[in-house]
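Sequences are here, hints too, so could you generate the full structure?
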Amino acid sequence: MPDLPTPKDAAEAALFSECWDAVLSYADLCTAGATAAKQLATEAFALGIREVRAAETGGARSNGRRSPRLPVIPLLLTAVRTTAAAWEADGQGQDLDPDLRLWLNSEKAARYTGPPLRRPIALRGLRDLQEADAALLWLCEVESLPRSVVARRLGLDPALVGEELDQVRGLFRDRCHRNHLDTPMDAQCRSYARLLDAITRSPAADIPPDLSRHLATCVDCAEAAACLRPQGGGLPAALAGGVIGWGGLAYLERRRRAAEVRLGVGRPEAGDGQSGGPKTVLDRARVVRGGLLVAAVMVSLLALATSMMPFGSSDNEAASSDAPADSSPVAAPRPSLPSATPTPKRASPTPSATPTKPDGGKHSDPEPQGTSATTQSSAPDPGTSAAATCKVAYHLDNQWTDGFQATVTVTTADALDTWRVAWSFRDGQKVGQMWDASVAQDGSRVTATAADYNKAVPAKGKITFGFLGSWQGKNSSPYDFTLNGLSCAKS
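Adding 17 to a residue's 1-based position in the sequence shown gives its number in the numbering used here.
These are computed hints drawn from the structure, not numbers from a lab.
No false leads were slipped in.
With a Cα cut of at most 30 Å, we get these calculated DSS-like pairs of lysine-lysine:
1. K408 with K447
2. K507 with K477
3. K447 with K472
4. K125 with K491
5. K55 with K125
6. K408 with K491
7. K408 with K472
8. K491 with K447
9. K408 with K477
10. K447 with K125
11. K479 with K408
12. K507 with K447
13. K507 with K479
14. K507 with K408
15. K472 with K507
16. K55 with K25
17. K447 with K479
Computed spacing ranges between beta-carbons, pair by pair:
18. R67 with A410: 50 to 58 Å
19. A430 with P133: 49 to 57 Å
20. A176 with A410: 37 to 45 Å
Small disclaimer: the values here were computed from a predicted structure and weren't measured.
Virtual Cβ for every residue (Gly too), placed ideally from N, Cα, C.
Printed below as a string of structure tokens:
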């Protein structure tokens, strides 16, 4: 097993320190034990750094002309995948996760090493960006770092990071659109390509039923749709899945939780000018493996403190624990987590405000509390009014062996300046990609939150969004729909 490479200077040492956590986190997902994770991470890190140095040397020799390549962190993560594939080919597959071994021997893995025009659109789009732009997109969307930290790492003006990120999202969308048109595709996909571009450019446009059915059955076009709508909430998942491949969504969740835990307990961010190399493997592994435990403790304390705050009599009621706890492992791919942006609670809902619920359990709409990890559970939302102020229609558009596409339409009696629709699944279904809303799932409870362009809804107006999901065994219709915390009647 090779040793970790020696940093050439203080800048490279700081870079190593920033990247090691990410490499070890993904290597831990890919292996069956801590020892194997350390070995895989070390080999992949050495391989990736050699590639980074070779690219820098090659760029200097080519008079500054840039050859397309990924930013450092995603490049190192692909090195983990490459090293894992080498292990499988050399007979060391017993040290890898069994599901990863199946993936490595499937056509899905071949997409990442096959002809360039057949590779995932997100991977090609990120490569086509300037490296600084690609790094900004990855650090904000996948690594979930605060913009102030990203600005410090990339040498940007903190006040302009948001504006630059919006511009980079637009550039990424354009690169993905071009790559989608360049991709060899059959006549049906080709006939939908320009329509898909037009629909994703106009946020208010409805998706025609025939295109909706096509997206439910065509993986390539569904991936393109997620990349062509960077403001729709599916960009982090599209990047992680398209660049990393196997375990991309699980890695995305780990990095979000790690960022939240690090900020919550006041640990310094990597890259704060420290010149040391990576900490010892055991120290890093302890941080990664202990992160979730710390998050659980923080959430428990935060929930206790919240329940004691004087938000009205209903806020002091104890939440029921009858709902089943989420038993899925941390490494299980899950689409996204609730926003960590604090929002004020109100004692009672008004037509133009977003009502909130006091129980904070799995069957309530997730309330941002500084972290999205939770282990609590509660009973389903009780009715808050004698007559429902909203009606919901759930339509199963299409279903196949292990997946499905659905559309949710909610009619609200009152005008809204923002909205959040939540429901529960009965059979363990998982939501993957969602359009016209951003998605968060906690166990069986799913929450769809308004996009920037469709927050405002007039009285008697309709809210419509769709999603792709996965199921096993049974795919019953969801129940317990709420709009901004208030129960909805089925139409």
